[in-house]
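Novice: The primary structure of each chain is shown beneath.
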Amino acid sequence: MNILIDGQTLHTPEINRGIGTYFKEMIEAMLRNDFVNNFYITIEDEKKLSCFSDFTQNKLIKLRNPSCNPTLLLNRDRALASKRYTNLINIFCKENKINVYWNPNPQMDNTILPLKNKYIKYVATIYDLIPYVMKDIYFSTWPESIQKVYLEKIEILKEYDHIFPISKSTQEDTIDIMDISESKQTVTFCGVNKKFKPYPFPQIVTDESYILYLGGFDPRKNMFQSIDAFALFMKEYNSERIPYKLYLVCTLGAEAKDKLITYAKKKKIEKDLVLTGFLREKELLKVYQKAKCFFFPSLYEGFGLPVLEALSSGLSVACADNSSLPEVAQEFAHYFNANDIDAMALSLEKALKDGTCLESRLKRHTYASSYTWEKPAKILLKKILSLEEKKVIYKKKKIAWVSPLPPQRSGISNYSKVLILGMKDDLKIDIYYDTVIPEQELIEKFEIFSLDTLAENFNHYDEVIYHLGNNSEFHTNIYKYAWNYPSTVVIHDWNMHPFMQHSFLNSGESVYYDDAMKIYGEEGRRELNLTKKRGYSNIEKFPMSDAIAKKSKRVIVHHQWVREQLITKSNVEVIPHFSYIDGNIEKDNIKNFRNKYILSKNDFLISIFGDINKNKLPETIIDASKILLDKGYPVKVIFAGKIQDDTRYLFDSLKKTNYESKIIATDYLNDSEYFSCMFESDLIINLRNPSMGEASGTLLQAFYAKKAVIIGDLNQYKEFPDEIVVGKIRYDGTEVKQLSQIIQHFLENSNLKKIIEDNAKRYSDRILGLHTITRRYIKGISDI
Amino acid sequence: MVNTTKLIIVTPWFGEFAGGAEVLAKSLAIEFNHRGIETLVFTTCCKSPYADWWHNDYEEGEYEVYGLQTFRFSVNNTKALYDDALDGFIHHKDKMTKERYENFFLAGINSDNLVQGLSQYIDNGYEVIAMPYYQGLTHSVVNAYPHKVSITPCFHDEEPFYWKPVETMLKNAKYIFYNAEEEKELTIKNYGKIIGKKLIESTVTGVGIERITLQKTTTSRLSVGNDYFIYMGRKEEGKNVHLLIQWFLSYIQKQDNELKLIFIGGGNASLIPSHKKFIDYGYVSESDKQYLLKNAKGLINLSENESFSIVLMEAWLSKIPIIVHGDCAVTKGHAIRANGGLFPQNKEEFILCLDYLLNNKDDAYSMGINGFNYVTDNYTHDMVLEKYLRVLEVK
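Top line first, the protein sequences correspond to chains A and B. Taking the working numbering, the leading residue of the first sequence gets 1, the next gets one more, and so forth. Taking the working numbering, the leading residue of the second sequence gets 785, the next gets one more, and so forth.
Quick caveat, the hints were computed from the structure, so don't treat them as lab data. Everything numeric in this text was worked out from a predicted model, so none of it was measured. Where is the CB? At the ideal position from N, CA and C, for every residue including glycine. Certain hints may be false.
To give an idea of the interface, some chain B residues facing chain A are shown, with a C-beta separation under 10 Å as derived from the structure [claimed, not checked]:
# : residue
1 : I1135
2 : L1136
3 : Y1140
4 : L1142
5 : E1170
In the BS3-like style, the derived pairs of lysine-lysine whose C-alpha atoms are separated by at most 27 Å in a straight line are [to be verified]:
#  : chain 1 : residue 1 : chain 2 : residue 2
6  : A       : K631      : B       : K955
7  : A       : K631      : B       : K1044
8  : A       : K363      : A       : K569
9  : B       : K1044     : A       : K754
10 : B       : K1078     : A       : K631
11 : A       : K656      : B       : K1116
12 : B       : K1044     : B       : K1131
13 : B       : K1044     : A       : K656
14 : B       : K1103     : A       : K282
15 : B       : K982      : A       : K601
16 : A       : K282      : B       : K1078
17 : B       : K1103     : A       : K656
18 : A       : K655      : B       : K932
19 : B       : K981      : A       : K591
20 : B       : K1078     : A       : K662
21 : A       : K631      : B       : K1116
22 : A       : K587      : B       : K1044
23 : A       : K631      : B       : K1171
24 : A       : K761      : B       : K981
25 : A       : K194      : A       : K378
26 : A       : K596      : B       : K1171
27 : A       : K601      : B       : K932
28 : B       : K1131     : A       : K631
29 : A       : K398      : A       : K662
30 : B       : K981      : A       : K754
31 : B       : K1103     : A       : K601
32 : B       : K1131     : A       : K706
33 : A       : K363      : B       : K1171
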């Protein structure tokens, strides 16, 4: 599905405020939790995306246009700006086949809300309706032109397909005021940043005892009454005469500051009032941690994130009982009527009496930290996806599966076996083999046919699924059938040129090669002529997967990056390679493996899996390992795979050196040794440069095995979130230095190891799990 | 959970001496107690490294030192063995034996009573941290209770660091806390492959340092203007004070200006030449110290034997730049990470550094500010103690 995110917020001051936090955190979390959908964003200038992580910047597809910046458009007539922006969004949607448009910031005056078109779904996030709820303070005091814009936006939003209020309280307002039915709404709460955590010691060490209020100089924040309440508390309720201070944390202009100080003087608490002004994040976290309690007398909130931050910092809370605050703080706050000074002072007393013992701080923190950004992001995404979901009438489809299978030895062969076993109850699958009859288990569970018979049976199937890879022995005949009897192809390697050259170029069937080059036009024809003269071709420039992709009815690739490279994209679907290991490893096998390779429990085991050829960068890995060994790090590096001729010299050169017993190549390993090595590894390195656009099966197995991995910062590998890997190596000539530094940092931080292993496993199970992937295959087949 | 952890800090001298390891022991014990984590101090009856290590200056028993519950234990009577080991170390290196290496540590300042006294606390909810590695007491405590006592070794690149008893102690230690990245690098380089994962995964905690808030530091009885650099700490050859004097003399011979070098702290006053450009104030009050630091052009510390260097941090808290020896990995590492000072390797570079700081006031000021941010961002008591706690509780 193609989802368009409105990026206007990036061009407004709101990007550094609460709305900006929501905007950034939700996008980050949504992209972290998805592998297959396309996320587009409107943007004037790519530099504006620097507030996102590298992973998110890479994953977002940028739709650039100067009019994406609302400040430029709103310099002119508002109605005209609105019209132009609506047109722009319509063009973006049409050109990119957008399914759903999401506006995460529809209500601010400095953004434009496009009108809905009938072709796609429109959704928006609503933070609050405070201007309307507190009409006397806001709406009624605005100029008529601003009122008009606000009301127009409400009317436009009513037409949208779905609304996401950020609290139940806001949802109630949208029902009452906007008259939007509950069924058209889904609440997506805010999350709290993990940086907010309690002071870690039983007793808080601080220079002074203070009550904390994070506000803003806005009538809604009720600052003057907070001073009244504090003054009353100090006079009437502070029986122990503790010299509390009231810390008001917010950016204040000179006039606002004067007003507050004057007011405090009037209340005779000017010496106790501390106006901190703007605080850097580090200072803010410290101020939260060391406060005696948190005070929040706001008159109305859309959510009330400061309350959650305070609870996450372990503070006891005294807060107003209005709007969303009770649903956010639940039983972890002392509530008061924000217009009742006496009640406010009394609640302060209760909150302070709650004390600051570590146990209660941790209890509050545990509650607040359950508000992660992952939860609302998943809810939002699920709802967005469901808006476009078609209802499928289930009928068991008949499929021909054309792929190498065990006992043939290849990654695709293993992949196919696991998949068809996972889908056999939902589909009627017939296996077509080329030269080698599949293993007994498959013969028992499926009907088996020779590839020669496919032509005559072709029309009996709902879909024929051909698997294409770079191994000429396994895929030559499959390619020919895929070309002559088009249906679905699974392109495992985006760059098929080595295969095409080897299989067809100088054979009697060079027509397949010639036809595949035609898609590259005049350039392709020139290259073809040159190739015929030279006997070889420019492999990197012409990947040769485009022709078969275009000819096929449906194309499956494992990565977004591959989809983006293909000339024809409309028939291409991304179904990631699953993350799965079949079977368990016996303890004895592990013990044998450890003995065979003399692994000490005091050593860190670093492994590299698969055939050891030059594009896996063994030289880089060996050089980085040498640096670590020279520095005294107890590492053992195992290359678990077959040594290819072009890399054998690297291992020969280690013989009779100090590194010989520390850097080992095993050559071919049986399954038991292979998986023993994987499960025993502390760290796995998976580098490839150049890459053929392939999905790395060993990488996905490593995630499944809950292993920390270092990968390359290249092409399809960029699609894995940063949180699930130890690091991504840039291929810029500094690989050895980067790799040794990343490994060193990783080895020294055992906590990091645990975090990454957990993240990798969670991602593997949730996003790349076998069940999820087989469902996607089945759904794709059922949709045909 | 956090509130069940109780600590014992083991250190050979406590109360009358302020060397690096003792300052750290004191700071850990006071600050942990302050934060509600019960911390006891186990030490000997010997009052300082300058006293007789085999003589009890105090009665054995319970004391209150700096407000801390402190237990003093009688020292062992092993002087002859130690003298023999020391003699071997100094005069007969080729005749050093396994016993002599061991006695160099174990027969030095040590207390069997203290080791015995710990037995009722170990396995009874107490985490024990011993320091520093150079003294036998630490070895005895760690080896008596294998994998139950942690150490803050304060390693330096010096001969005893490479001896077999250190390897034994590292093997037996529960956790290791390093004061600086460079100390950890040194330890990994020499013991990484022998000790393995434990050594690599150990934490660099640093030493907590916060400025003592005083009413005023704008005036002092010591009115010396501000044309001076300052050296703070013990005046010892081991701290390269003689080198500092040599290099500074070279500078003043070349430059005709009012620049002076002020010394504060104890140690051997006779190292300081009688020259109007060298002023030794000896021990000064906290407020005088802060006054002198604040008004200095910078702090100079050419010691090559540092495992952390609190004085650098104190200088940076006063927002002044520092000059350290380019061959001292630890202080140079601080200077680079903080971007808070210069690190000459020889006399010529030293002279250039002084000139640079005097002639580039904006840069000197920025280095001071960078240093201040470095200390407050990394070495507050809260940050350092949390690192200790995270290891002791989470693992």
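Novice: Decide, hint by hint, whether the structure agrees.
Specialist: A quick look at each hint next to the structure:
The restraint placing I1135/B at the interface with chain A is violated, with a minimum CB-CB distance near 35 Å, outside the 10 Å limit. Among the interface hints, the one on L1136/B is violated; its C-beta lies about 30 Å from the nearest C-beta in chain A, farther than the 10 Å criterion. For the restraint placing Y1140/B at the interface with chain A, the shortest Cβ-Cβ distance is roughly 30 Å, beyond the 10 Å limit, so the hint is violated. At a threshold of 10 Å, the smallest CB-CB gap from L1142/B to chain A is about 32 Å, leaving the interface hint violated.
For E1170/B, the suggested interface contact is upheld, since its CB lies about 5 Å from the closest CB of chain A, less than 10 Å. For the given pair, K631/A sits about 19 Å from K955/B by alpha-carbon distance, which is consistent with the 27 Å threshold. Distance check on the hinted pair: K631/A and K1044/B sit about 42 Å apart at the alpha-carbon level, beyond 27 Å; violated. This hinted pair does not check out: K363/A and K569/A have alpha carbons roughly 51 Å apart, beyond 27 Å.
Simply put, K1044/B and K754/A have alpha-carbon atoms about 54 Å apart, too far for the 27 Å limit, and the pair is violated. Restraint check for K1078/B and K631/A: not satisfied, since their Cα atoms lie roughly 40 Å apart, outside the 27 Å limit. Note on K656/A and K1116/B: the hinted pairing is violated, with a Cα-Cα distance of about 37 Å set against a maximum of 27 Å. The suggested pairing of K1044/B with K1131/B holds, with an alpha-carbon distance near 17 Å, which does not exceed 27 Å.
Between K1044/B and K656/A the alpha-carbon distance is near 59 Å, which puts this suggested pair outside the 27 Å criterion. Between K1103/B and K282/A the alpha-carbon distance is near 20 Å, which keeps this suggested pair within the 27 Å criterion. In summary, the hint linking K982/B to K601/A is supported, as the alpha carbons are separated by about 11 Å, within the 27 Å threshold. Taking the CA atoms of K282/A and K1078/B, the gap is about 26 Å. The hint holds against a cut of 27 Å.
Using a Cα cut-off of 27 Å, the hinted pair K1103/B and K656/A is violated, with the two alpha carbons roughly 54 Å apart. Simply put, K655/A and K932/B have alpha-carbon atoms about 41 Å apart, too far for the 27 Å limit, and the pair is violated. Distance hint between K981/B and K591/A is fulfilled; the C-alpha atoms sit about 19 Å from each other, no more than 27 Å. A C-alpha spacing of about 53 Å is found between K1078/B and K662/A, which places the hinted pair above 27 Å, so the restraint is violated.
Using a Cα cut-off of 27 Å, the hinted pair K631/A and K1116/B holds, with the two alpha carbons roughly 19 Å apart. Between K587/A and K1044/B the alpha-carbon distance is near 71 Å, which puts this suggested pair outside the 27 Å criterion. Under the criterion of a C-alpha separation no larger than 27 Å, the hint pairing K631/A with K1171/B is consistent with the structure, at around 24 Å. A C-alpha spacing of about 23 Å is found between K761/A and K981/B, which places the hinted pair at or below 27 Å, so the restraint holds.
This hinted pair checks out: K194/A and K378/A have alpha carbons roughly 18 Å apart, not beyond 27 Å. For the given pair, K596/A sits about 39 Å from K1171/B by alpha-carbon distance, which is inconsistent with the 27 Å threshold. The suggested pairing of K601/A with K932/B holds, with an alpha-carbon distance near 19 Å, which does not exceed 27 Å. A hinted pair counts as satisfied when its Cα atoms are at most 27 Å apart, and K1131/B with K631/A does not qualify at roughly 31 Å.
For a cut-off of 27 Å, the pair hint linking K398/A to K662/A is broken: about 52 Å separates their Cα positions. For a cut-off of 27 Å, the pair hint linking K981/B to K754/A stands: about 15 Å separates their Cα positions. Distance hint between K1103/B and K601/A is unfulfilled; the C-alpha atoms sit about 47 Å from each other, more than 27 Å. With a CA separation close to 55 Å, the supplied pair K1131/B and K706/A exceeds the 27 Å bound.
Taken as a hint, the K363/A and K1171/B pair is honoured in the structure, with Cα atoms around 22 Å apart against an allowance of 27 Å.
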